[in-house]
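Student: Each protein sequence line maps, in turn, to chains H and A. If you want our numbering, it's the 1-based position in the first sequence plus 611. If you want our numbering, it's the 1-based position in the second sequence plus 105.
No lab work stands behind these hints, which were simulated from the structure alone. Treat the hints with care, since some could be wrong.
[To be verified] Computed cross-link-like contacts, SDA-like style, restricted to lysine to any residue with a CA-CA straight-line distance of at most 25 Å: (1) K724(H) with L972(H); (2) K945(H) with A905(H); (3) K264(A) with S986(H); (4) K296(A) with S1027(H); (5) K945(H) with K131(A); (6) K264(A) with V1035(H); (7) K264(A) with V1042(H); (8) K264(A) with L1036(H); (9) K945(H) with F286(A); (10) K264(A) with G1029(H); (11) K264(A) with K945(H); (12) K131(A) with S1057(H); (13) K724(H) with A649(H); (14) K264(A) with V909(H); (15) K945(H) with Q289(A); (16) K724(H) with R1066(H); (17) K264(A) with L982(H); (18) K264(A) with L913(H); (19) K264(A) with R1050(H); (20) K296(A) with G1029(H); (21) K264(A) with Y1046(H); (22) K264(A) with M727(H); (23) K945(H) with G456(A); (24) K264(A) with S920(H).
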Amino acid sequence: MTLAEVLPTYGWSQALADLGQISPIATLLGFMLFAIVADLVIPPKRRSGVVAMIAVTGLAYSLGTAAYRWLYEQGGPAYSGMATGDSFALFFDVLFASLGILTVAISHSYLQKRGMREGEFHILMLGSIIGMMVLASATSLVTVFLGLELLSIALYIASGFARDDNRSQEAAAKYLLVGGFASAFVLYGMALVYGAAGTTLIPEIAKQVSGTAANNPLLTLGIVLMGVGFAFKVSAAPFHMWTPDVYQGAPIPVTAFMSVGTKAAAFAMIIRVFAGGLPHLAPEWQALLAFVAATSMVVGNLMAITQSSLKRLLAYSGVAQAGYVLIGVIAGGKIGLAAVLYYLFVYMFMNFGAFAVVTLLAGPDGDRDRLSDLSGLYRRNWPMAVLMTIFMLSLAGFPPTVGFFGKLFLFTAGVSAGYTWLVVLALIMSVVSVYYYVRVLVPVWSTTGRAEPLRASPSSTLAIVLSGVLSVALGLYPTTLLVAAQFGALPYGGP
Amino acid sequence: MTLTAIWLLPLVGGILIAFIPPRFAKWLGVLVALVTLGISGGVALAFAPGYHGYQFTEQVPWIPQLHVFYHLGVDGISIWLVVLNALLTVIAVLATPLTMRNVNRFIGLMLAMSAGMAGVFLAVDLVLFYVFWEAMLIPAYFLLWLFGEGERPARAAIKFVLFTLTGSLLMLVGVIGEYVFTGQQTFDLAKLATIAPSANIQFGLFFVFALAFAIKTPLFPFHSWLPSAYLAAPTPMLVTFAGVMGKAGAYGFLRIAVPLFPNPVGWWDWRWVIPSLAVAAIIWGALMAIAQRDMKLLVAYSSVSHMGFIVLGIFAYNVQGQQGAILQMVNHGIIIPALFLFVAWIADRTGTRDRSALAGLAPRMPVMAGVFTIVVLAALGLPGLNSFVGEFMTLLGAWERAPVLAAIGAVGLVLAPVYMLRMFQGAMYGEPVGQGPSGDIQAGQLALVTPLIVLMFAIGLYPYALTQLMTSVAQAGLYK
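Could you put the whole structure together from the sequences, leaning on the hints where they help?
Tutor: Structure below.
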């Protein structure tokens, strides 16, 4: 079909219905354009804060739209099957919009302290969030790639946002090169899958592949190449090398944002493509992912032990956490995918919270993220010390925090699906992880080190306290979020 | 709501106390602990001995998707440990010196740890049990680390946590495995006891549970965290840490490992491995205690030896043995805190815990010497005092299962007087050396141990008061 043939049949009602399906993305896009204009028009002196306000409003609006559609509207395919507004997409829309709000809340005072341009920063974050949302809504390989690039390009720039900081520049360059490399892998894999299946629409691929095409070597190679690219993006070992360097170099709010956002978006992509498009080749990609999960848990946890920089430590912890989440993806089904969504959602609060506390430590000259920089935190600002303790215990998986319940769900799914060996490995490595998470707490509660009070801006405080409260509350009462996660996983989890 | 109050009250109280001015902390802490003791005591008095099953149950759906319930209950096994925990918490808070730095945080953490331990004994749902089991580690870690004594308390604390976690994180595989492999999708302990998975699965699951409990108890050869942790722990903490937390491991054996896995046979039979380790713990603990000069370490190793008797009784798989084990859990929880308190007071008066540096204290501390005699005699199992009955019953049970176990275990009874009396004699009698103590124990300290001394006599002379409540329930809970 040519464009001329398609256009007459594409009426206004169809256009509105399609736009409705992607309305959380569309509203955010509108606000982003508005923010760009505002940033250009308003004189620099009065500009401070306005763009941040626009960004928060847009994110809140997008979140509200997603919530409304979740509750009252029927999600379905849009744009001839290129995208969808199903519950899976909406779950991630809510996640990304919440993450965006948290990021804006902690970055305002950080940017002022370091003397960085605020407007561009928030606009880049919005762009990246739009990319993530597109990724979560994508039901075509083309849209998947579109979202992937959109989110990555914005983050390449954001990682280098500290222009006078060499490490930040290095991080940006490294991220660009490795990210481009990963994108190439994904694209190559997609091309091969397209060659085997004859279509880029993911539901169509599932139908094509169920038949004779399943034995096609092109398809196996395609899975491997895409798997490698995805592993890069979730920062799973052995494709995690870029993570610590980029996390360390990038300004902390960017690190906080991408440690949660990119990971969640990449998992959404894995589920969309593998569970959605290639269910008949599950044994192949499950074996690949099981290998990646096992390596990530071992490498991430062991490497984290010796780190003296908090950003690097949390980067390796993120590698290990990606391994845990992959267990849920491999297990699949209703409980497996629901566990993945639950974990990604609560991971946002515990991991972001930890980074947010480190953000407070930053000075005008740069980030202070060595373990020793935390020393005396208890005396400088005791609520932050208590919250940091909660985040670390949650990441380590202690009950009654969300980290424990997330792991309980993931591992239950893993054992149910017959991956007991992977779960046993995960738990053995969790013991290792306790060592380095607790190591972070040692300076927090030590009686030496700085003594001057540590001030936190109201918006940062609000974001961190909210993360801390939810890190416990969603564990003590996990039911509602778990129901939501099950509903979100419905498109791929079966009844 | 009664049982919920037993763990929630100390937790909420503890959190509040951590943030109030230190000078009010102790008395508010005592108040919270006393109210908790009152509630626990009330439950014990209202407890119906003839009823086979959990009493005072509370059940609310918690995570319906995984069939997890907030399900509490007490039976003849757990009620005693709940009361013991509440009693020792009162004593521990009372024993806390007001001069301690950040005394409010210390008492807050103590109450939180006590809440966690109460939860372990009250939980009837496996996930809930696990949550409390892990959660009680957090306050214990902070107590050891921030308030620990000695040169490197942080090291002892992290060693304790990593040892315990190695066991308990693997136990999570067991918890999940019970849910999946029994095919019933339930975490309810009462239901799980009626359905056993296949022998091979039982073999594996028993291993992960038993490892966790063996480390916590601790059983030979998993005891190496204990000396450093007990050495680092401040004395008020030791009252509940040594008095109750070790029992959580033995309780786990009795509540989970024995009834849920009646036939854990695979490459070998676990039902013989664990009692063998228990016997090894009895002998090894006693020998190590003999070798110690530091009295705190001596008592710590004697604890390893005594815990061996408890586990031996549990794995006798008969009523005498298990009844004796429960009784002995209570007895040990009464004796060990008293021993640690006396060691601390002696060290306080004389400035040393080295038993070879002490001599001839009795004439100058007559009251102390008199009371300490009772505690020491109770610890080595003199008839008429509480420990004798429990140890006798566990050995009787072990004899019925296999005479060889009882015979070797009884060597521990012979060794106990060696280390206990040597310590007592050396410190209390003989030619006085050095400057001598700065005074006898105070009236307040005497009042602190009085309830423990009374209980030593009461249980020793009339053990039937406790065992009559344990018989029926132990049988009902463990044998169908």
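Student: Now, for every hint given, state plainly whether the structure supports it.
Tutor: A quick look at each hint next to the structure:
no.	hint	verdict
1	K724(H) with L972(H)	holds (11 Å)
2	K945(H) with A905(H)	holds (22 Å)
3	K264(A) with S986(H)	holds (22 Å)
4	K296(A) with S1027(H)	holds (20 Å)
5	K945(H) with K131(A)	violated (51 Å)
6	K264(A) with V1035(H)	holds (21 Å)
7	K264(A) with V1042(H)	holds (12 Å)
8	K264(A) with L1036(H)	holds (21 Å)
9	K945(H) with F286(A)	holds (18 Å)
10	K264(A) with G1029(H)	violated (33 Å)
11	K264(A) with K945(H)	violated (39 Å)
12	K131(A) with S1057(H)	holds (24 Å)
13	K724(H) with A649(H)	holds (22 Å)
14	K264(A) with V909(H)	holds (21 Å)
15	K945(H) with Q289(A)	holds (18 Å)
16	K724(H) with R1066(H)	holds (12 Å)
17	K264(A) with L982(H)	holds (21 Å)
18	K264(A) with L913(H)	holds (18 Å)
19	K264(A) with R1050(H)	holds (12 Å)
20	K296(A) with G1029(H)	holds (24 Å)
21	K264(A) with Y1046(H)	holds (10 Å)
22	K264(A) with M727(H)	violated (45 Å)
23	K945(H) with G456(A)	violated (64 Å)
24	K264(A) with S920(H)	holds (23 Å)
Hint compliance for this structure: hints 5, 10, 11, 22, 23 are not met, and every other hint is.
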